[in-house]
Amino acid sequence: MTSLPPHGSLRRRSVLRALGIAASRAWFPGLWFAGAAGQPAGAAEGELTSFEVVRDEDGVFLGYSVNFELGKGPEDALAKSVPLFFVAEAEIYRDRWYWRDRRVAHATKVWKIVYQPLTSTYRVTTVGGLSQNYPTREEAIAATSRSVRWKVAEAAQLDDGRHYLEFVYRLDINLLPRPMQIGIAGNPDWQLSVKRTQRIA
Amino acid sequence: MNDEPRLGAGGPEPPPLPRRSRWAWIVSTLAALGAGLVLAFLLGIATSNPALYERHYVWLFWVNVALASALVAVIVIAGVRMLWRVSRGRFGSRLLLKLAAIFALVGILPGVLIYAVSYQFVSRSIETWFDVKVEGALDAGLNLGRGTIDAIVSDLATKTRLAAERLGESASSAEPLSLERLREQLSAREIAVVGGSGQTLLATGSTTSGLMPERVPPQMLRQARAQRVVSQAEGLDEEGTAAAAAAAGASARVRAVALIPSTNFALGEQERFLVVTQSIAPGLAANALAVTNAYREYQQRALARSGLRKMYIGTLTLALVLAVFGALLLAIALSNQLAQPLLLLAEGVAQVARGDFSSKAVFKSRDELGGLTRSFAEMTTQLSDARELVHRSVVQVEGARANLQTILDNLTAGVIVFDRNGAIDTVNPGATRILKLPLSAYKGRRLDEVAGLGGFAQAVWQRFELHAESPEAGERDHWQDSFELQFAATADGRERDSITLLVRGAAMPQGARLMVFDDITELVSAQRVEAWSEVARRLAHEIKNPLTPIQLSAERLQQKLGGKLVGADQGMLERSVTTIVNQVQAMKTLVNEFRDYARLPASSFDALDVNALVVEVLGLYGTAQESGRLSADLAESLPAIVGDGTQLRQVIHNLVQNALDAVAEQADGRVRIVTEAAKNESGDVRAVRLVVVDNGPGFSEKVLKRAFEPYVTTKKKGTGLGLAVVKKIADEHGARVRIANIGAPPDAAGNALADSARGAQVSLSFSKLATTVRVAANEPVATSKAH
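Just so you know, the sequences run in chain order A and B.
Heads up, the numbering used here is the position in the first sequence plus 78, with the first residue counted as 1.
Heads up, the numbering used here is the position in the second sequence plus 24, with the first residue counted as 1.
Simulated from the structure, these hints should not be mistaken for laboratory data.
Among the hints, a few may not be true.
What the simulated footprint calls covered on chain B by chain A, stretch by stretch (three residues with Cβ under 8 Å from a Cβ of chain A suffice, anywhere in the stretch; the number is not a length) [as the list claims (entries may be wrong)]:
no., region
1, 169 to 180
2, 308 to 317
3, 327 to 337
C-beta: ideal position from N, C-alpha, C; glycine also.
The following block holds chain A by itself, in its conformation from the complex (with noise of 0.2 Å):
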C-alpha cells in the first residue's frame, strides 16, 4: 500500500488532532506550574516498519508493525516494575466535503506490559484479559508493537463513498497513577507516538 497525497480533509484532520494533543497538554496542572518543561519534538522517535489496511468482504483488517525505542524514563519506569501501556487506535472516517469528515468506526487495542522482578519476566496483558510472560523486554515489547490482520471495522460499517484510516500508536501516560502523569507531563521520554493516515482503497 502506497500512502496517498495530501488531501484537504485530511490535513484538516491533523490539525485539529495537533490543536486536541496540545489541549490535553495544556490539561496538565504540572505543566501549567511548571511552565513549558519540554517540547515534543524531542521525543523518542518510532517508525513503522509495516502497514498494511485491506478491505474485503469481511471488513477493514489492519496489518502493521512498529519499531521504536523506549525512552530512559520509560525504560527505567519498567525496569522498576511500573506497568506502562501502549495503546494502538485505528479510526475509519468518510469524507465529507459540506461538514467534518464522518467517523464511521474505531478500534483500540491496549497493551500493558510489567516487569515481574520475583521471576525476571515481562508480563504483557492484552483489554481481553489475555496475559503472556516473556523472559526479555524485547520480546515483550515486540509481542505489543505488531498485528496482523486486525479487525478494524466490520464490511457494513463502510459504504460507497470515499473512506481514509487513522492509525496511532502511542505510549499512553494516561492510564498511569495521576501524580505520575503530573510528574513526567512535558517529558520528551514519555511523548512515544507513531501515527499513519491512508486512504483505504
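Fit chain B to the known structure of chain A by using the hints.
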C-alpha cells in the same frame, strides 16, 4: 406647635442599604463557595484515600482556578472602583480603603505564613517518604524472595535430573508404582512422564483426580532436550491486588522438566521427559508477591514524586490564593459593613455643617455604632428644634421691634432715647417733626450739639439729674415739665417762633434715659382762647354798661347847650359830641364783637342748605359780585347739614369779608366761594365742604399757626376776632376748619413771589348731615373727630 413625628421609633425609615452591600453579599457567597471547595480539596488529602483525591484532582483544580479567576476579577473591579473613588475624593472612600487594607492585611499575613510553612513541610515530607533505607529494604526483600524461589527452582531441577537419570538406567521403564514412589521421595505435587510432543504417558499426583496434568509448553521441552533439564517457577504473576496475590500464592508452583536418557539405543525409541511439579509454600509465595507489589508501588511513587509534589503544592497555592482573595473580599465587605454607619454619621455631620437639619438616616443595628447614628439623629433633631425655636423668637422679637418702630414712627409725640453718656440713641419721626430739626442725623451725639437746642438740652439734663438725685413725690419713675422753645425763625430775629413742649423723662435700664415730649402749643393756644373769651365777656359787660350813659349824656349836652352856645363854642360842642358819639359807637361795635366772640347765642340746630346760606350772604356783596371780584361756584344737590343758620351766616360773612379784605389792595383780586360734597370711597357723601379761596398774599407762617387765636390778624384794621369766631362756630358744628396757602407761601416780608399761584384758602367741612343716620353709622370717626 411643631408636633409632627420626627426621628426615633416613628421616624422615617433609613434608606435601603446600597447595592454595594448586595454586591458584598454576592462576593461573600462566592468566597464561601471557594472555601467549601478548598475544604473538599483538603478533605481529599486528609482522608486516607489518595486514589479518590487523585482521581478528582484535575477537575477540582480547574474549578478552583476558575473560582480564583472570578475572585481576582471581582477584587480587581472592587479595587479599581475603590481607587477611583479615592482619586475622585468621593466621601468616605479613604476610610473604606484604610479599613479594607487593614482587614486584608489581617487576612493575608497569616495565610502567607501558613503557606510558607506548609510549602516547606510538604516538599520536605514528600522527600522523606522516599528513603534510601526503605528502598534498600524493599530491594532486599525482593531479592530474598527471588533467591528463595531460585533456590527451590534449581533444587528441583537437580533432583528431577537425577530422578530422570535413574529412571533411564532402570530399564524397567516407567511403572506407576515407581513413579509414585519417586513422587513421595521428591515430595512433589505431581509427577508425569510425557512424550516428545508433550503427550502425557504416565502421571501421578494430587491433581490427577480427574484432570489431566497441565500440558508442558513445547518451548520447555525444547530447552530440556538441549540442556537435559529445565525448571521454572509459575503462578507468581503480578495481578495487582493483594487478594489476587494471595490466590496466586496458593497456586504457585515450580515445574521441572528433565529428559529421561535412553539406555537402549534402539531406533524409533520415543524420547521421554520427566515432569515434576512441586508446590511452593503458599505463605512464601504470598509474601514474595506482597513484597513485589510493595516494591512496584514504591517505585511508582518514587517516579511520581515530583508530580506529587507539584500536586500538593498546587493545592496549597490554590488554597492560599482562594484564602487570600476571600480574605480580600471579606475585607472589602467587612470594611463596607463597618464603615457604613461611620459614613452615615460623617455625611450627617457634613450636612449639619452645611446647615441641613433634615432628619438623618439611622443605621439599624443594635451595636454602639447604630446607637451612635441614632444619637446623632436625635441630636440633630434637637438642634433643629432649638434652631427653629431661636428663629421663631428672633422673628417674634423682630416683629415686636417692627411693631414698636411703627408705633414710635406714628406717635405724634416725640421720643428720644439717650444712652448712658447722654448721646442720642433713638429718635422717632415725631421728635423731628415737633422740633423741626433733623434729629436723626444727630444719632450718637449729644442733644446740646443740635443747633438751637443747647438751652433745652441743658434744662432737660438738669431735670434728669434732679430727678435722679431727689425725685419729687408723685413722680417716682418719671418727671414731667413743660418747656418753651424759642427758635430764631429769621436771621434778623424779627419773628421768633416758639413752641411749648410738655416733656416727660424716665430712666431706662443700663443708665439710658427716655424723653417723651409733646407739642402743646395748640393746647396752650386753646387755653389762651378760652382765657380771652372770658376776658372779652367781662370787658364787654363792664365796658358796655357805661357806654350808653356816656352817649346819652353827650347827646343831652348837645341838646341842652346847643342853642345857648354860639359861634365857635357851638361848633366845638358839636364836634366834641359827634366825636364822643362816634367813638362810643365804635366802642359799642368793638364790645359787640367781643360779645359775639365770647358768648355766642345758644345754637339752635336745624337742617340747612349751605348753598341757600351762601346765596343769602352773597346778596350783601352785590357790588363786589358785580365788579367780578367775588364769585360763587356752588355744587348742586348738596345734602342738607345740621347747623345754626345765624351762626353759619356769620361764618360765611366773616370768611368772605376776610378774603375781600385780603385782596382789597389788588386790582385783580378775586375771591371764590365754593361748595362741594366730599364723598368717601363707596360714593356716599361724607361731608359738605365750603371753601373760600382768594388770590391775595396768603398767610404768613406765624399767622397760619395761630390764626384762630383772637387778635391775630394781618389786617391794619380789624379786631382779629373774625377767624376766632369762625373757629368757635365750626367747633360747635363739629366741622373742621383748615387754613392753607395756595402755592408758595409769602416770604418773610410778606411779598408774594408769583402772582399766578398764590393766595389763601379756608375750607370748612361739615360732616353732620341732616339725613346722616346712614352716613354717621358708616363714619363714626367723622362725627367724633370734630371734637
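Consistency of the hints with the structure:
1. Figure legend: the region 169 to 180 of chain B, annotated as covered by chain A; annotation consistent (3 residues with Cβ-Cβ distances under 8 Å, at least 3 required).
2. With 3 residues having a Cβ less than 8 Å from any Cβ of chain A, the region 308 to 317 of chain B passes the three-residue criterion, so the hint holds.
3. As drawn, the region 327 to 337 of chain B meets chain A at 9 residues by the rule of a beta-carbon pair under 8 Å; at three or more, the given contact holds.
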